[in-house]
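Chain by chain, the residues:
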Amino acid sequence: MSISPDAKPKLPRGVRLLHNEAQGGWVLLAPERVFKADAIAVEIVKRCTGEATVNEIVDDLAKTFNAPRERIMTDVSAMIGGLVDKQLIEV
Amino acid sequence: MDATTQRAPRPLGLLAELTHRCPLGCPYCSNPLALEGRSDELNTQTWARVFREAAALGVLQVHLSGGEPGARRDLVEITQAAHDAGLYTNLITSAVGITAATLGKLSDAGLDHVQISIQDNEPGTADHIAGYKGAYARKTALAAEVVRLKLPLTVNAVMHRANIEHVEDMVVLALKLGAKRVEIAHVQYYGWALKNRAQLMPTREQVDRAVKSVEALRLRHHGQIVIDAVVPDYYARFPKACVGGWGRRSLNVTPSGKVLPCHAAESIPSLTFWNVREHSLADIWDNSPAFLAFRGTDWMQEPCRTCPKREQDFGGCRCQAFALTGDARAADPVCHLSPHHARLAELAEAREDAAYDYRR
Numbered sequence: 001m002s003i004s005p006d007a008k009p010k011l012p013r014g015v016r017l018l019h020n021e022a023q024g025g026w027v028l029l030a031p032e033r034v035f036k037a038d039a040i041a042v043e044i045v046k047r048c049t050g051e052a053t054v055n056e057i058v059d060d061l062a063k064t065f066n067a068p069r070e071r072i073m074t075d076v077s078a079m080i081g082g083l084v085d086k087q088l089i090e091v
Numbered sequence: 092m093d094a095t096t097q098r099a100p101r102p103l104g105l106l107a108e109l110t111h112r113c114p115l116g117c118p119y120c121s122n123p124l125a126l127e128g129r130s131d132e133l134n135t136q137t138w139a140r141v142f143r144e145a146a147a148l149g150v151l152q153v154h155l156s157g158g159e160p161g162a163r164r165d166l167v168e169i170t171q172a173a174h175d176a177g178l179y180t181n182l183i184t185s186a187v188g189i190t191a192a193t194l195g196k197l198s199d200a201g202l203d204h205v206q207i208s209i210q211d212n213e214p215g216t217a218d219h220i221a222g223y224k225g226a227y228a229r230k231t232a233l234a235a236e237v238v239r240l241k242l243p244l245t246v247n248a249v250m251h252r253a254n255i256e257h258v259e260d261m262v263v264l265a266l267k268l269g270a271k272r273v274e275i276a277h278v279q280y281y282g283w284a285l286k287n288r289a290q291l292m293p294t295r296e297q298v299d300r301a302v303k304s305v306e307a308l309r310l311r312h313h314g315q316i317v318i319d320a321v322v323p324d325y326y327a328r329f330p331k332a333c334v335g336g337w338g339r340r341s342l343n344v345t346p347s348g349k350v351l352p353c354h355a356a357e358s359i360p361s362l363t364f365w366n367v368r369e370h371s372l373a374d375i376w377d378n379s380p381a382f383l384a385f386r387g388t389d390w391m392q393e394p395c396r397t398c399p400k401r402e403q404d405f406g407g408c409r410c411q412a413f414a415l416t417g418d419a420r421a422a423d424p425v426c427h428l429s430p431h432h433a434r435l436a437e438l439a440e441a442r443e444d445a446a447y448d449y450r451r
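Protein sequences, first through last, are from chains P and Y. Residues 1 to 91 in this note's numbering are what the first sequence lists, from first letter to last. Residues 92 to 451 in this note's numbering are what the second sequence lists, from first letter to last.
Incorrect hints may appear among the rest.
As a list, the in silico DSS-like pairs of lysine-lysine whose alpha-carbon atoms are at most 27 Å apart [to be verified]: (1) Y:241 / P:46; (2) Y:241 / P:36; (3) Y:271 / P:86; (4) Y:267 / P:10.
Calculated directly from the structure, the hints in this document are not laboratory data.
Same shape as in the complex, but just chain Y (with noise of 0.2 Å):
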């Protein structure tokens, strides 16, 4: 039972949660229904340790997200922070509230990489998604500065029933960007947007479509960009290795400093997670009992116990577990051999044209 008999593996990647403001509102944020408010925030000093924490750790790349982080007025200073500590910097932004002034300072600061969530290929259509007039020329404007400073760029695709038709346009547009990279993301199903599941959850003859156009797009471009891929869980019938696995690869730090094994672990009511404001991040990684509670294959029950693939995909997601049975130590329900795999089915059939819940 004791995961610390063994010396834990060590993280790769830190989601660094600078904020939970966002000046979207895109009905399928991912972020926790109570979001940390911003007299919370952990500041700059802070940060730093934590980054310098990190690196100590074995971190390499940093994701500065949010909310948005440009909604923090010491990005910059956070920024340089982290290339201090030696760490990979990626911004991951919405773009609006970033000016080509301060990414500027961001790329002088040692920014490594830009991600930019774009919603639609269209301008109509993809503000009326993200809830903000004006996001898509704001979006399309900062990509052309990352571009002209030679920083890479991602353009991150979320996609769901109103623009899983257009996959092609938006790798397409994210060709005519500049970028190396296109994350087509269906999809997870997880805090906010679980309270508009219905109005975003694809068919499963959109998704077969999507599925398909997306190979094809590879073999075109191939050399061009990269496509990444996340399958949409509900129509799957193998779960994803979620976040490569609880406590192996990755951790995420909030806004306020609590410490995380993945974004959405908050909506797993048992679990107990320390603050960076109390605990070294590398007690946090190999003591806390949040990060001890799914570690490695011991916490497991049927089917997953005996299964070959337990040290492939590590059970699925926790939270979509815990979501779904309402139990944290249940086979995610999206492998075929859990007992609810079927309830996906149905749950994915309910969908609704009603108008979106924003987050606001």
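Okay, chain P solo, but in the shape it has when bound (with noise of 0.2 Å):
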């Protein structure tokens, strides 16, 4: 689904961001489900607090890995409405 800028996404219960080394890195957690979070995907779901808007988070990412805030916007509304219609993230 596509995500307004103004959302504030977060993880529902159930869903969580672990990091295991012995697993390799960073997964995504949820009932009977394990999903690998690759880097990008770390950054973005630990900025989903329920707090910062979509909006701050771009800017944040944008500011951390000085790239093209555009562009990240498009990675970050991608991913975020991929999570969510997976029922990962929910806005």
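Starting from the two chains in their separate frames, assemble the complex, guided by the hints.
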């Protein structure tokens, strides 16, 4: 689904981002489901606290990684939209 | 022959059987015939160590199960320890023995997910199958409490001849209770369930209707609820990759600390199990005889050894192969390539409408 820049995405109860050394990094866990999270996904999901808006998340990422804001907005919206569809993020 | 020359895969899930005690008497119980007693159960500290070792080994999710885990007085402490170890915690419960107050404490301790078993869509028949009067009412009440706490809820529905016609009603019930996921789990005939096979076995027509029904329900409720279905073995042509392959993805710790590759593994008498009281979980995973016995494909004989699907289904279920052929290295007779496959149809025909032999 498409995500409003003012939405405040967060992980619902029952979904957690965990780091596990033996599994080689970060994973997103949901009931009976495991998703490997790559470095970009981790940076985005970590910021989905329910307090920051998508706009603010994009600002923060653009600053932290010194990258063009427009491209980050496209990536973040697509990723959060995909995670919402899988019920791994709620807005 | 040596499975240790290559590093073993890392497990993702740990089934922690906290106790074999259970208030229900379900005739399809898949726990072994001989249950472990309360005095043999691991204490809180040992479970906490097992969880830390599990996380270090790569385990991500722990399933707190039993028996009824609510029979443990230290369930909150155990859950807290699993959460503190960095594990995703899943409570698998009959709901009988977990009060609303306990659930609140479990939620505060970091519980991530709750799975409640429900035996049928009507209180009378559900309580009859569970062998416990009032069980259905307690289950629906606890389910409401789970949803009120905003914990994700899964309904587990074990299906057999008496309730298989109610697949649709069970999914509707799960939706009504606010579950995000429902497991339609056809009985697996191990442990106690094997004693009741003739009473529980559905007909082929019933199974065909149920499978079609699940497909239609998935389409109708897409986006509302996830429907996971375990295919009924005896009517299948291909075996399931039991536990995702022996010693590949998961492990099981019994109430007294024995570590099993799958929860029915003790039904194979030739296996030797190590205990967490004497070995670390990593040592057991990598080196214990029971885990090495059927890990990978080297142990296979024909028709599995040269089968193109050997890395997909790993020859099916070892416990079922042993139970039905007497040889734990044989192909699971569910496979149409097994010389014993025809025997399954005969066994499935041996239905009898007798009273259940309840687990007491």
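Each hint tested on the structure:
| no. | hint | in the structure |
| --- | --- | --- |
| 1 | Y:241 / P:46 | holds (21 Å) |
| 2 | Y:241 / P:36 | holds (25 Å) |
| 3 | Y:271 / P:86 | holds (12 Å) |
| 4 | Y:267 / P:10 | holds (25 Å) |
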